[in-house]
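Those protein sequences? They're chains A and B, same order as listed.
Sequential numbering of the first sequence, starting at 270, is according to my numbering.
Sequential numbering of the second sequence, starting at 6, is according to my numbering.
Treat the hints with care, as some may be off.
The following residues of chain B were derived to be distant from chain A, with all beta-carbon distances above 10 Å [claimed, not checked]:
hint, residue
1, 18
2, 39
3, 41
4, 56
Below, simulated DSSO-like cross-link-like pairs (lysine-lysine); rule was C-alpha separation at most 27 Å, straight line [as the list claims (entries may be wrong)]:
hint, chain 1, residue 1, chain 2, residue 2
5, B, 14, A, 500
6, B, 58, A, 505
7, A, 507, B, 58
8, A, 505, B, 14
9, A, 446, B, 58
10, A, 426, B, 18
11, B, 58, A, 512
If you are wondering where the hints come from, they were derived from the structure by calculation, not from laboratory data.
Ideal Cβ placement from N, Cα and C applies to all residues, glycine included.
Chain by chain, the residues:
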Amino acid sequence: MAFSNEQLARYSRHIILSEVGVKGQQRLLNSKVLIIGAGGLGAPAALYLAAAGVGTIGIADADEDDLSNLQRQVIHTTSDVGKAKVQSAKETMTAINPEITVKAYRTFVSADNIMNLIADYDFIIDGTDNFPAKFLINDACVLAKKPFSHAGIIRFKGQLMTYVPESGAPCYRCVFKQPPPPDAVPTCRQAGVIGAMGGVIGSLQAMEAVKYIIGTGDLLTGYLLTYDAIKMEFRKIKLPVDKNCAVCGDYPTILAPFDYEQTECNLKN
Amino acid sequence: MKLIIAGEKKEYKDGLTVSELLDLEQVETPQYVTVSINDEFAQSGAFAETILKDGDVVEFLYFMGGGC
């Protein structure tokens, strides 16, 4: 497919890069990325992927915009308060780039819907705010052989890792066997999070998706990248594979996605 | 003995266990931290019995659930 003059202008700073070029931009336009959670992580990821021309972007979230979201969830505006998050996200993404398709799923992910949701997508971004959802996304992506980016943020800290099936790299469950009990580990609702942290880590998730799609560079497979804004320190920590992992190990016991008990943070915000 | 903890070289007494290290380093919610030693996971239920040796490279991997 030939690019229109508008497309050549819109994506000129991509196309001029030897690592992207016309071919890479075409791959982006043909690609499909699902963002689960339209919050602190999902907002910047969605903005950059829309701007980059990822042709189809799914965004899943059941919540409505709340005033307390706006300190960090930069895809939503003050006039969006009360609106479905996926709706305001879709409006902003489409305003940035009208030529992409944004599919809004006003739902939380669960064992019942996740396999269907991820089936059509090339790459999944976990921007959720609770452990049951993070484990569910991991298990579903491992089982469906879908690459995904995990991330978490709290206070002045963030982390992310990338899973790619059949890459020999560990999954999230290799590192963290099972969710901690509800309220055992503080959530950002309880402990707070600096607004720009979502911007840093969510943008890195978008970067991983883009690199995966254009097939360039080293992904965070087999590594956990941690960011401490107070120390202003990034660390890339090597992650072993757990051969006994319940979902990706040699003898898996998790053969279908399942739901852990929902925690408070998942119900609102 | 010297250990490298989260990228920093530090001096500890010989025979230190992972549990004692988590305590000394004041790790938050240590029962929910994943520990790797020389790029292998330390067995999660056996931190009190896992003895560290000179030169070990130790990393703490923390649950981070936020995204909201």
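Going down the list of hints, with the structure as the test:
For residue 18 of chain B, the shortest C-beta to C-beta distance to chain A comes to about 25 Å, beyond the 10 Å cut-off, and the non-interface label holds. Listed as outside the interface, residue 39 of chain B is inconsistent with that label: its C-beta sits roughly 6 Å from the nearest C-beta of chain A, within the 10 Å cut-off. At roughly 6 Å from the closest C-beta of chain A, the C-beta of residue 41 of chain B falls inside 10 Å, breaking its exclusion from the interface. Every CB of chain A lies more than 10 Å from the CB of residue 56 of chain B, the least distance being 19 Å, so the non-interface label holds.
With a C-alpha separation of about 17 Å, the suggested pair residue 14 of chain B and residue 500 of chain A falls inside the 27 Å cut-off, and the hint holds. Between residue 58 of chain B and residue 505 of chain A the alpha-carbon distance is near 23 Å, which keeps this suggested pair within the 27 Å criterion. At most 27 Å may separate the alpha-carbon atoms for a hinted pair to count; residue 507 of chain A and residue 58 of chain B meet this at roughly 20 Å. The hinted pair formed by residue 505 of chain A and residue 14 of chain B meets the criterion: a straight-line CA distance of about 17 Å does not exceed 27 Å.
Pair hint residue 446 of chain A plus residue 58 of chain B holds up; C-alpha atoms about 25 Å apart against a cutoff of 27 Å. Of the pairs offered as hints, the one joining residue 426 of chain A and residue 18 of chain B is violated, with about 30 Å between alpha carbons and a cut-off of 27 Å exceeded. With a C-alpha separation of about 24 Å, the suggested pairing of residue 58 of chain B with residue 512 of chain A holds against the 27 Å cut-off.
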